[in-house]
Amino acid sequence: MASPGHPGAIPVPRCPIIFNGTNWGDFVFHLEVHMDGQLLWGYLTGERICPPYPVLPTPPTYPPDADDDAKTALLEAFKAQMESYQSDLGVYETWLREEKSTKAILLASMEVDLVRSLRGLPTSHLMWDHLRRSYEIHNEAMYLVVVEEA
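When you read off a place in the sequence shown, starting at 1, and then add 6, the result is the number in my numbering.
In short, the hints are calculated from the structure, not lab data. Heads up, some of the hints might be wrong.
Unchecked claim - Using C-beta positions, here's what the derived DEER-type ranges look like:
id : residue 1 : residue 2 : range
1  : ARG20     : CYS56     : 20 to 30 Å
2  : GLU142    : ARG20     : 15 to 25 Å
3  : ALA72     : LEU132    : 43 to 53 Å
The structure displayed is predicted, hence computed values, not measured ones. For glycine and all other residues, C-beta sits at the position ideal for the given N, C-alpha and C.
Using the sequences and the hints, build the whole thing.
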């Protein structure tokens, strides 16, 4: 359903906890559950890697002296290659669509100021890795300071 303020806009299902830069632990927990429920968590962790872009098979060229059986064999081999290509292309296109959904959900689940640091990172996995390195270590260091002061 399109948003009333933005005709044609597609709503993005965001995490119930919005990352604000200080709630990393809660955000990670809720985002993992949220993304797991949509079968997208592996894109963030890097477990779902991009499959190679399939190469379109070349149509057969028949030698001038090829008989009908040879032509049929070449044509059947080409048909099998095309079926494999179509299957591989479907896998690739599914990965792209799900990767785009993962990025959209991740970015919609963060405050706008924090999203800016992710510009230029091409995949959700690289975005997630950047966030993890930036905030996980920071929060662990803060935890140690609090424990030492107690």
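How the hints compare with the structure:
1. ARG20 / CYS56: 20 to 30 Å: holds (24 Å)
2. GLU142 / ARG20: 15 to 25 Å: Once the Cβ atoms are compared, 21 Å apart, the range 15 to 25 Å for ARG20 and GLU142 holds.
3. ALA72 / LEU132: 43 to 53 Å: holds (50 Å)
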